[in-house]
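Protein chains: 2
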Amino acid sequence: MTEYDAPLRDMQFVIEELVGLSEVAALPGHEDLTSDTVRAILEEAAKFGREVLSPINRSGDIEGSRLENGVVVTPKGFKEAYKAYVDGGWNTLQFEPELGGQGLPMLVSTPVFEMWDSANLGFALCPVLSIAGAEMLEKYGTDEQKEKWIPKLVSGEWTGTMVLTEPGAGSDVGALKTRAVPEGNHYRISGQKIFTTWGEHDFTENIVHMVLARTPDAPPGTRGISLFIVPKFMVNDDGTLGPRNDLRPVSLEHKLGIHASPTCVMQFGENEGAIGYLVGEECRGMQYMFSMMNNARLAVGREGVGIATRAYQQAASYARERIQGRDAVNPGAGQVAIIRHPDVRRNLMTMRTLTEAARALGYYVAAQLDVARKHPDAETRAQAQARVDLLVPVVKAWSTDCGVTVASIGVQVHGGAGFIEETGAAQHYRDSRITPIYEGTNGIQAIDLVTRKIIGDGGQSVALLIEEMADTEIPDSRIEAPFLQTLADLKQATSYFVDPPTDDPRAALAGATPYLTALGTITGCWLMARSAAIASDKLANGAGDDAPFYEAKITSARFYADTFCPQASASLATAMSGSADLMALADEAF
Amino acid sequence: MTEYDAPLRDMQFVIEELVGLSEVAALPGHEDLTSDTVRAILEEAAKFGREVLSPINRSGDIEGSRLENGVVVTPKGFKEAYKAYVDGGWNTLQFEPELGGQGLPMLVSTPVFEMWDSANLGFALCPVLSIAGAEMLEKYGTDEQKEKWIPKLVSGEWTGTMVLTEPGAGSDVGALKTRAVPEGNHYRISGQKIFTTWGEHDFTENIVHMVLARTPDAPPGTRGISLFIVPKFMVNDDGTLGPRNDLRPVSLEHKLGIHASPTCVMQFGENEGAIGYLVGEECRGMQYMFSMMNNARLAVGREGVGIATRAYQQAASYARERIQGRDAVNPGAGQVAIIRHPDVRRNLMTMRTLTEAARALGYYVAAQLDVARKHPDAETRAQAQARVDLLVPVVKAWSTDCGVTVASIGVQVHGGAGFIEETGAAQHYRDSRITPIYEGTNGIQAIDLVTRKIIGDGGQSVALLIEEMADTEIPDSRIEAPFLQTLADLKQATSYFVDPPTDDPRAALAGATPYLTALGTITGCWLMARSAAIASDKLANGAGDDAPFYEAKITSARFYADTFCPQASASLATAMSGSADLMALADEAF
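From first to last, the protein sequence lines stand for chains A and B.
The working numbering numbers the first residue of the first sequence as 1 and each following residue consecutively.
The working numbering numbers the first residue of the second sequence as 1 and each following residue consecutively.
No lab work stands behind these hints, which were simulated from the structure alone.
Some clues are possibly wrong.
Which copy is meant is left open, so a pair is good if it fits within one copy or across any two.
Listed below are the simulated DMTMM-like cross-link pairs for lysine to aspartate or glutamate, each with C-alpha atoms no more than 25 Å apart in a straight line [to be verified]:
| # | residue 1 | residue 2 |
| --- | --- | --- |
| 1 | Lys177 | Asp327 |
| 2 | Lys76 | Glu421 |
| 3 | Lys538 | Glu588 |
| 4 | Lys76 | Glu253 |
The following block holds chain A by itself, in its conformation from the complex (with noise of 0.2 Å):
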């Protein structure tokens, strides 16, 4: 098994050559961001995954979380590296100063995050949740709230979760049961919520619960649902924690990977009900997770890069390492290791590749999402937020479409070896495996895509980004050639949801997935030949010792280039097909 490397030669190129660190550091608040502190913030990072929480990733895998007498034991090793994860200010990245941050953008914060991802996916989705809590209430909770929750949710002294789905509530949360009933300046909660990560663990000593619920006489839908907050233990005015919430872990789920993330079944109000906290007003609970939504699917897309990155380090590895069969060339040499045979390196290079454009699509929209929020011109930062909303779909759906595909390809470069728990290559299997379906699943991404944010705006937003891709300069003729193709595919199927054939409101639907990936694929290799293009002229320049890397940055895009645009040009021909075909069959049918 091969521990996590960060790959921070490939980090730095796509922060500062590819996306930009300047224009980052420009906006206001960023000024003393410097490319060495960034530097020196990742080789940080890099030594905490790799020392930290790399070498508990396969034992909590193995060991997995547990609930003993209502308490969730943690694998061995884990609750130390939390004390050591909040002790080193990681969890405090990319809040405010003011809220007790470091103020990074995202553009910094994501690739360090990304590392957590790689080194130990399950470890890694405990301090998300809590920033997404504290983000959330910084945006939405009363001054008091926000005094009492965000201080200790950004340092990570407790942790917070996200309570939504319930067994008939899922992909429609609208659907949900659990109630609130109003009392005093509070409110008592009873229900059963599931898929609650990290709903109970024994990281710190109080945990924070965002839940969804519905008020008495509230509309049904997701317009009757409001947003409290629940804690495990009541908190004094003090500060000082108070008694025990009515709330409690009923059982773990038993799942395909991240084992040590404890998914919880969580019952709320099973005697007097569950103290809870209003957050803004009734019923606009679903708005206010909606806000931290894009955030969320943006970090899930950087599980996909973080996992990728994982398997395609264990297989490069392996396949350096393994000896077998002999070179094609020069077959009278001996037995040569496997990475010499060509269709291991055609694995290894999809892997490689698809990790690399995945990584690239999201810090590209990581930059915006700072551009977004800080740029001083109105426009500017509207023209970003636009480029963000079309693109986060397409970031949480395509990376963890690839985040599955490289895990399986780097179970495959293995071999039988590969099948053997043992090797690690079959964790990052199963870990991936979640990926494209929480935090929305892929479907409901592509559908978000297409119905809200291409037909929602009649093909604006994306037509920008068509005709920004159409402008860029691409040198290398033999990336120009099938990506100019691609993109006059792009703009055909475009016109076909926006401009449709058919009065079916299922022909959009029915053409969403395929179009959600190549235009991921697409844009993944817009980002890919601006790559190319700086490595040609880095060369051009004399890049001295760098000279290895940015010659496979060339090699990297033109086999993305051959390899994955006649794919979307394909998925595009498919998603202009309609929907007839698809519901034509009885339900019994099927």
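Since the structure of chain A is provided, determine the placement of chain B on it from the hints.
Coordinates of chain B only, in the frame set by chain A:
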């Protein structure tokens, strides 16, 4: 969790209407084979799969086989299931009557074994190995060996194994080191073997290992390998069991899937050396093993279909039952089952049509194998054998890739529930992952296809297949257009391999996998198109209650052509991209 229910209607369609039972029934020795007989056999087998094997699939996964004091204890119910399997005569299906078999053609035994694969893959692996061993002895054993070992392997009273792999000898079998030293009328075998499927168990009194080993002074590589019968217990001349042979399972692998199947590390000859009997001549072991490989590879391809079917049934059943969201056309009508959503339909249709196409291809090749074995005309036999040889690697690799894809989509259809092991979908995702690996990785299959089967005969076999496909009348223009396009692309890519633009042998190796994927997709499309044509005829003549089945065949073929033909063309473009990019990076750059 859904129990397995054999897709009898589709199986019968492929056997009788698409591939043509009548052609196989006309072969010498199969004269008694009527449609009624075949249906009766399939129905009995379906019952056995549903009632005996399917119910212990999930419990077998949870419990797994375990090694206790040198003895492998199989999961609860497995020993009884194996006894019922033997008592039912299921092991004897495809053997000639003179060997104690029922003399059924591959066209009939293939669907029966597919049922075992669907119902319980871990279980099904055991008899497959016994059958392979018996078939090899039938070809290459002495009369004495045949008499001693074959009847009990045919009946299933004993089981057989294939013992090839060693830690340093996987895909490169020629690197193996296990020694065989002659001693009187036998050899003494010593060495360690890994990945021995069902190498030890509690099903039967004896186990007959077929072991590859190296005799003293044998030449290096595959030319120095001999094959030996090495029984767990010695067998006296009167057929009773003698003393235990010098071999034992050292440990079982902890695997990603097929937990019920014990994958053994086997130690031979820790003391005086295990007694083994030479099969055929010294140093011809690889040739004997290769002779079985066609069947073994077809069997693994069939496993891909089996797992895909099971995953599809599980997902379809869940999609019909899971109520979530509203209908796009009629949103006011309340919540609907998710099978009404076009995006879920796309997932189900993808699963369904890949499974149908892979099944059709597998049965088609099985029937060709029947013709190759029994047709009275030597020329016809040779033609059929050439078609089999060409398509065996395609069936193995493409069908198992389909199996993994379908199983992964199956998880996705379930949403969050798919990630929970209790649901059952995750087991298929785990179990399926071994099939692209064992019996020659799919990369090895692709190399076999391109180097031996395409380049090796100057492209003749595939040219005949392409010609036959091009000559097929496809009355449905929606299928014909994409099919003909992709066929033209196949022709062009084939020329690239047969008459390459470069003398670098790595170019063909680099394009092997995408070429194989395309060839599988296209032959699958051909059989789907023919199915649609047959269905059209039936409907034109009044299909009665069968109308929905035939209509679905047409819909499936159209969906398949729309979705997968463009992808096949994309793969073919990639297949011709050469090896320069693949080999450009230094090994250390990965």
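Evaluated hints:
1. Taking the closest pair of Cα atoms, Lys177 and Asp327 come within 25 Å of each other only across two copies (21 Å); inside a single copy the shortest separation is 63 Å, beyond that limit.
2. For the homomeric pair Lys76 and Glu421, the shortest alpha-carbon distances inside one copy (19 Å) and between copies (23 Å) are both at most 25 Å.
3. When the C-alpha separation of Lys538 and Glu588 is checked against a cutoff of 25 Å, the pair qualifies only between copies, where the shortest distance is 21 Å, while the shortest distance within a copy is 60 Å.
4. For the identical chains of this complex, Lys76 and Glu253 are neighbours both inside a copy (19 Å) and across copies (24 Å), given an alpha-carbon limit of 25 Å.
Every hint from the earlier list agrees with this structure, and none is contradicted.
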